[in-house]
Every structure is written in structure tokens, then in C-alpha cells.
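Using the sequences and the accompanying hints, generate a full structural model.
If you read the protein sequences in the order shown, they are chains A and B. Be aware that the first sequence starts at 361, since it is given in the working numbering, and climbs by one per residue. Be aware that the second sequence starts at 361, since it is given in the working numbering, and climbs by one per residue.
Hints listed in this document are in silico derivations from the structure and should not be mistaken for laboratory results. None of these values were measured; they are calculated from a predicted model. The reader is advised that the hints may include incorrect statements.
No copy is singled out in the list; a pair is fine if it fits within one copy or between any two copies.
[Stated by the list, open to error] In silico SDA-like pairs for lysine to any residue, Cα to Cα no more than 20 Å straight-line:
#1 LYS494 x SER483
#2 LYS369 x GLU474
#3 LYS440 x ASP498
#4 LYS470 x GLU365
#5 LYS509 x ALA453
#6 LYS435 x GLY411
#7 LYS485 x ARG439
#8 LYS369 x THR468
#9 LYS444 x ARG414
#10 LYS485 x LEU410
#11 LYS369 x ALA386
#12 LYS494 x ILE393
#13 LYS458 x SER372
#14 LYS485 x ASN364
#15 LYS458 x LEU499
#16 LYS458 x GLY378
#17 LYS458 x MET506
#18 LYS369 x ILE490
#19 LYS447 x SER483
The residues making up each chain are set out below.
Protein chains: 2
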Amino acid sequence: MEFNEAKEKFVSTWGALGTLWGINKAMAQIHAILFISPDPLTMEDIMEELGISRGNASMNLRHLMEWGIVYKINKTGERKEYFKSEKDVTELARQIAKERSRREIQPTIKVLKEVSGISSNGSLKEEEFIKKTKELYDLADTADTMLNKVIAQEQNWITKTLVKILK
Amino acid sequence: MEFNEAKEKFVSTWGALGTLWGINKAMAQIHAILFISPDPLTMEDIMEELGISRGNASMNLRHLMEWGIVYKINKTGERKEYFKSEKDVTELARQIAKERSRREIQPTIKVLKEVSGISSNGSLKEEEFIKKTKELYDLADTADTMLNKVIAQEQNWITKTLVKILK
DNA sequence: TTAAACTTTCAAAAATTATTGAAAATTAAT
DNA sequence: ATTAATTTTCAATAATTTTTGAAAGTTTAA
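See below:
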């Protein structure tokens, strides 16, 4: 496989994965080309490389910046804006995990806590509801805590060791 | 908050979370009502409770069965089919993780391995491509391994302890 | 301050995904 | 074998999401 084929394969796979994760294709693909590019790219570069419109590029770059995984840079003496992605994969994983926890897991945990807190009238239906939503609450809370700890900036001895042992 | 309000809130939150995770709303909501129901439900019950069509219920029940988190049961002497969900949250998490790993992470890992294996012509572009896709490969592989180990059926001493320590 | 270079916004169009509903298929009892 | 109960399939429709493109907005330099 030569470079261009590999690049296309990578970009389209990254786009497809994004789609499965609720991130739109253009956003994931823009991230992909920035991630593998040794130099920052302009909006024009991105539009051309992916064959997408200016509006699309602009909006998705904004989203990527909101996620904290793409930065805008200005080259002195140049009018155009350049974009580059977070290059450290650990940091990338951390940002994504953080964002997903904030947007998805935490709101869900909040609702699970609320609804599992109702008082039961003693019926089987209500007892079961409370029991099951409590169990989900515990699961989600554990998962979220672990996600945050494992990904946390300061990797402590335990987690570092753990990664080695588990892998 | 009384039971019906709590139930609706739970069902709709579960549906919304599913959507964010690339699982359609009906599928997630069907799972939700089965999960909190003390008894198995018929397709009719599900259609009525969620206000969805027969075709929709049928297809999404099939998907849930493919995911291994809903089972069909037949009551002796009854024509109708009943459905019940996996009730053990640990098992639920395990099945979901397994399915996602199989459908999403593993195919991605495969592509990353392929594309990072090309031979470079020595240019900065190609060197960077190989370096970055290799890093992603390592990250995805580590994440997948950990996911599988932590969720694995036979929780060993290390993981059990770990969950306690991290939480 | 004007003009050129560039970016953002957003209504409309296109593409994708989910849902319906009715016909076809299946199942089980008579 | 026929019928009635039930489920599945799938083409058509509806809903949602993404993308476009051009007008409006910004920024910088002269």
C-alpha cells in the first residue's frame, strides 16, 4: 500500500468511527488530516483535501476547537488562519474522554440519581424500577470515576502499573 | 416526583443517551422499559407503552437480541412471544462493551495496523503519518485490552482491587 | 475609510437514518 | 389442509442531520 492509499483509508476509517460515536464525518475527517499533517493547514487546504464546502469546514473546525483538540494559530505577517491538532495521543484521549463524560455520562448519572430516588408505593413495579435504576446509577458512576482516574493528567503509580499488568 | 414521571424521564434519557452512542432511540427505549419491568412484555405491550409501530418494535427487538441483551421467551400454552432483558447490570455492561469492541474498535485497530505499516519514502509527510497512526494504534490497542480485561467475566483479584482503589 | 482577504452564519437543499404500515411469511391449533 | 394469531419484511414516507453556498461580518493594510 502506498502513502496516498493509506492516507485515504485512514481518513475514511476515522470518519466512519466518528459517525459511530455520534461525531459527524466531516468533523472526524478534519481532525484526521490535521492529526497526520506535520504542518498546520489553512481552511482552504482542508476544503480541498476533503472536498467539502467552506461553511462545513468553518463550523466543524469550531466544534473541534470547542472539544479542545484543535487550535487556531496565526503566522506572523500572514492574514490567513492556520489550524493544527493536538498531537499528543494521550492528551487527545484525555480531552475526548473528558468531553464525553461531561456531555453524556454526567447528565445521565444525574437523571439516574433523581429517578432512583422516588419513594415506592410498595408495588413490584415501583420496587423493581428503583432497584434497577439504582444499579445503573452505580454502574455509570463507577465507570465515570474509573474513566476519569485512568485518563487523569497525573498518572500515578497504581494506574501506570495497572496499564502494564493489564496489557 | 412520582413513578410515572420518573419512568418517562428514565426512558427518554436512556433513549437520548442511546442516540449519542449511535443506537437508535426506539432500540434504547425498548431496552429501557424491558430493563425496569419485573415481568416479560409482549410486542403489543412495547408498542403501546412507547407509541411505536409493529415493524419498528419487531426490528429493534431483533437488534437487541443480536446484541445479546434481550431474550425471547415463550410461555407454555401461549401463542404470543414475550421479551425480557438481561437484568444483571454487570452482564449488560459486558455485552455492550463486547459488542462495541467487536464492531468499532477492532476494525479500527486493524486499519491502523495496516496503514501504519507502509514503508516511508523518507519525506516528513510520510514519516509523520506512520508515527501518528502507530501512536493511535497503540492507544486503541491499550484501550481495547483494558476494556476487555476490566469487563471480563472472571474478575480476578487485581481488577477487583483496582475497582475499589480507583473508586 | 475603503477595499481586499478572509471567516462566519444560516436558510435552503441534500443526504442519511428511522419509522410506518400493510402484504407476506410463519406458527400452531383445529 | 384451513384458519386465525402473530411476527417479519421492506418499499414508501417522515424525521433528522449534514452540507452547501452566498450574504453578512470581521480584520488588516494601505
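How the hints compare with the structure:
1. LYS494 x SER483: within (17 Å within a copy, 56 Å between copies)
2. LYS369 x GLU474: between (45 Å within a copy, 9 Å between copies)
3. LYS440 x ASP498: neither (49 Å within a copy, 35 Å between copies)
4. LYS470 x GLU365: between (45 Å within a copy, 15 Å between copies)
5. LYS509 x ALA453: both (13 Å within a copy, 19 Å between copies)
6. LYS435 x GLY411: neither (25 Å within a copy, 56 Å between copies)
7. LYS485 x ARG439: Neither way: LYS485 and ARG439 sit 65 Å apart in one copy and 25 Å across, limit 20 Å.
8. LYS369 x THR468: between (35 Å within a copy, 11 Å between copies)
9. LYS444 x ARG414: Only inside one copy: LYS444 and ARG414 sit 17 Å apart there, 49 Å across copies, limit 20 Å.
10. LYS485 x LEU410: between (53 Å within a copy, 17 Å between copies)
11. LYS369 x ALA386: Result: close within a single copy only, 15 Å intra versus 33 Å inter.
12. LYS494 x ILE393: between (43 Å within a copy, 15 Å between copies)
13. LYS458 x SER372: neither (25 Å within a copy, 24 Å between copies)
14. LYS485 x ASN364: between (59 Å within a copy, 11 Å between copies)
15. LYS458 x LEU499: Both: 18 Å inside a copy, 16 Å across copies.
16. LYS458 x GLY378: both (16 Å within a copy, 19 Å between copies)
17. LYS458 x MET506: For LYS458 and MET506, both the intra-copy (12 Å) and inter-copy (18 Å) Cα distances are at most 20 Å.
18. LYS369 x ILE490: between (47 Å within a copy, 13 Å between copies)
19. LYS447 x SER483: between (55 Å within a copy, 18 Å between copies)
Comparing the model with each earlier hint shows violations of hints 3, 6, 7, 13; every other hint is respected.
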